[in-house]
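Undergrad: Read off the chains here:
Number of protein chains: 2
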Amino acid sequence: MTDLLFLGIDGGGTKCRARLRDAKGTLLGEGTGGPSNIRLDPELVWNSLLTACREALAQAGLHEDDLKRIHAGMGAAGAGQTSAVERLLSRGHPFASFEIETDAHTAWLGAFKGGDGAILIVGTGSCGYGGTSGQCHYVGGWGYEISDEGSGAAIGRELLRRCIWAHDGRIAATPLSDAVLAEFKNDLEILVDWVGKARPADYGRYAPLVLQHAERRDPLGIAIVEDAAAGLSAIGMRLLDLGAPAICLFGGLSEPLRPWLSPPVQRTIAEPMADALDGAILLARMALQEGRP
Amino acid sequence: MTDLLFLGIDGGGTKCRARLRDAKGTLLGEGTGGPSNIRLDPELVWNSLLTACREALAQAGLHEDDLKRIHAGMGAAGAGQTSAVERLLSRGHPFASFEIETDAHTAWLGAFKGGDGAILIVGTGSCGYGGTSGQCHYVGGWGYEISDEGSGAAIGRELLRRCIWAHDGRIAATPLSDAVLAEFKNDLEILVDWVGKARPADYGRYAPLVLQHAERRDPLGIAIVEDAAAGLSAIGMRLLDLGAPAICLFGGLSEPLRPWLSPPVQRTIAEPMADALDGAILLARMALQEGRP
Numbered sequence: 000m001t002d003l004l005f006l007g008i009d010g011g012g013t014k015c016r017a018r019l020r021d022a023k024g025t026l027l028g029e030g031t032g033g034p035s036n037i038r039l040d041p042e043l044v045w046n047s048l049l050t051a052c053r054e055a056l057a058q059a060g061l062h063e064d065d066l067k068r069i070h071a072g073m074g075a076a077g078a079g080q081t082s083a084v085e086r087l088l089s090r091g092h093p094f095a096s097f098e099i100e101t102d103a104h105t106a107w108l109g110a111f112k113g114g115d116g117a118i119l120i121v122g123t124g125s126c127g128y129g130g131t132s133g134q135c136h137y138v139g140g141w142g143y144e145i146s147d148e149g150s151g152a153a154i155g156r157e158l159l160r161r162c163i164w165a166h167d168g169r170i171a172a173t174p175l176s177d178a179v180l181a182e183f184k185n186d187l188e189i190l191v192d193w194v195g196k197a198r199p200a201d202y203g204r205y206a207p208l209v210l211q212h213a214e215r216r217d218p219l220g221i222a223i224v225e226d227a228a229a230g231l232s233a234i235g236m237r238l239l240d241l242g243a244p245a246i247c248l249f250g251g252l253s254e255p256l257r258p259w260l261s262p263p264v265q266r267t268i269a270e271p272m273a274d275a276l277d278g279a280i281l282l283a284r285m286a287l288q289e290g291r292p
Numbered sequence: 000m001t002d003l004l005f006l007g008i009d010g011g012g013t014k015c016r017a018r019l020r021d022a023k024g025t026l027l028g029e030g031t032g033g034p035s036n037i038r039l040d041p042e043l044v045w046n047s048l049l050t051a052c053r054e055a056l057a058q059a060g061l062h063e064d065d066l067k068r069i070h071a072g073m074g075a076a077g078a079g080q081t082s083a084v085e086r087l088l089s090r091g092h093p094f095a096s097f098e099i100e101t102d103a104h105t106a107w108l109g110a111f112k113g114g115d116g117a118i119l120i121v122g123t124g125s126c127g128y129g130g131t132s133g134q135c136h137y138v139g140g141w142g143y144e145i146s147d148e149g150s151g152a153a154i155g156r157e158l159l160r161r162c163i164w165a166h167d168g169r170i171a172a173t174p175l176s177d178a179v180l181a182e183f184k185n186d187l188e189i190l191v192d193w194v195g196k197a198r199p200a201d202y203g204r205y206a207p208l209v210l211q212h213a214e215r216r217d218p219l220g221i222a223i224v225e226d227a228a229a230g231l232s233a234i235g236m237r238l239l240d241l242g243a244p245a246i247c248l249f250g251g252l253s254e255p256l257r258p259w260l261s262p263p264v265q266r267t268i269a270e271p272m273a274d275a276l277d278g279a280i281l282l283a284r285m286a287l288q289e290g291r292p
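These protein sequences, in sequence, are chains F and A. Residue numbers for the first sequence follow numbering that gives the first Met the number 0, so the first one is 0 and each next one is one higher. Residue numbers for the second sequence follow numbering that gives the first Met the number 0, so the first one is 0 and each next one is one higher.
Next comes chain F alone, as it looks inside the complex (with noise of 0.2 Å):
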């Protein structure tokens, strides 16, 4: 056993992270990649893969050939999707072993080391997952357009609709909505236009100013808040209802989102035990012992 190597991966939608450590545990090195999104062109998350791979290896004083000696686990943006795990491994792989699961199954994996509990991670998007002897579900995490409650692409959407509202004059402006629309030269058209090419990202990046006005007691930035967070809370207490104990929150809007969450909610959360990487290692080491291939 002390041959082996285990490699895990985060595969997310703008870089992708590698960890190698040994059978004991050890960290032998990181490294750091590209894009891999498993939608995305497999020739392109190949390489991103194999750049933050190569980079670990390196670290660890080890060569190109020592990757037939690596048990793989990857958590994966996107690998929700079936055909996009496939079309990824149509060409083989070059290592040992290599396992693929959603990124939200190794946070999962990291957080609770597989025991019971549950992650709600909040970022772009928002997803809710966990459950208890193995058995998870997710909850929500279906995307911007009818899932995903209080995302930062949720949150910056119902911005723009409620700014539409304040120039309309059917809710009072307030300093939020002021800045908002000024940036949009207070013309509705603009602010349309510039929707026509909105992507979730795009969205997004209004969550920090609302996050900012809220804290500030401006009315519509509250209203947002509370909004998104009531949304999060819901998803929050379907995890405890299938059992989950605890509540490890993952993604860049968890933390200011967190003092708004319902109580009961709240009281649940705990810190993650590991990260995503290494719930990545364990998906690898426990494919070895239940001997898939």
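A couple of the hints might just be wrong.
Simulated pairs of lysine to aspartate or glutamate, EDC-like, Cα-Cα distance not exceeding 16 Å [unchecked claim]:
no.: 1; chain 1: A; residue 1: Lys14; chain 2: A; residue 2: Glu42
no.: 2; chain 1: F; residue 1: Lys196; chain 2: A; residue 2: Glu144
no.: 3; chain 1: A; residue 1: Lys196; chain 2: F; residue 2: Glu144
Here are the in silico distance ranges between beta carbons for each label pair [unchecked claim]:
no.: 4; chain 1: F; residue 1: Ala172; chain 2: A; residue 2: Gly242; range: 14 to 24 Å
no.: 5; chain 1: A; residue 1: Leu43; chain 2: F; residue 2: Lys184; range: 30 to 40 Å
no.: 6; chain 1: A; residue 1: Ala273; chain 2: F; residue 2: Ser82; range: 49 to 59 Å
Bear in mind the hints are in silico, worked out from the structure with no lab data behind them. Computed from a predicted model, the values in this text were never measured in an experiment. Where is the CB? At the ideal position from N, CA and C, for every residue including glycine.
Given the coordinates of chain F, assemble chain A onto it according to the supplied hints.
TA: Just chain A, lined up with the frame of chain F:
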């Protein structure tokens, strides 16, 4: 003045209608043509428009030569966008005069013959428009993504969002959520694939189903319809605040949603004096009186 001809055109996304009257207001003929949202290809729009116009001319026993005697007015979806109007008129027009306004403006002109009042259009989209002393304002109507509260598209999208809640167990399932989820084989991946391709009209096709279930006291149906009606009522109340003494409803969803509107809005609902085609004819007459080209 007796030789003058007035043509009213109603240009929508799916079809174009035209009505021809003489200076005394006598109906001479009507016609229909294809899609004429003026954001579409100008060639296509002119084709739809002239098809409708020639049919009206033929009914009146008139000919191609008479086009140049016609003072035309058109209310068109998309006419709020100046560049689209300019593109349509870039190669001139065959009429003695041609005035283009939004479909909301001609509906309003018809409804109140240019007097004080407001309209509320509720179809796939939603929009409020009206005012006093000829000073009109839009309230809402900035599109499905960040506006159009209470519209068919908004109702359908909210339905799918809440069906995910029911699927996750965040809310109780109801006959409505069961029926919709069954359409997608209870598989959220199939639902999300559908959403990826859905246009506002696709979401809007769920509105009648939601209304049916609400009338049967389905809790999910009621919650969605109440939200939609609250959004529309907020638009209506703003129109009243702007001085409109009455509101005329237009669009396929306005009748079923009417009983759900807030009583202060419901009490002001009036029947339109004339339709949008006669509003477009009035637009042409007013332009001629004011000596516009």
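Undergrad: Could you run down the list of hints and mark each one as holding or not?
TA: To see whether the hints hold, each was checked on the structure:
no., hint, result
1, A:Lys14 with A:Glu42, "15 Å, holds"
2, F:Lys196 with A:Glu144, "11 Å, holds"
3, A:Lys196 with F:Glu144, "11 Å, holds"
4, F:Ala172 with A:Gly242: 14 to 24 Å, "20 Å, holds"
5, A:Leu43 with F:Lys184: 30 to 40 Å, "32 Å, holds"
6, A:Ala273 with F:Ser82: 49 to 59 Å, "55 Å, holds"
The structure meets every hint from the earlier list without exception.
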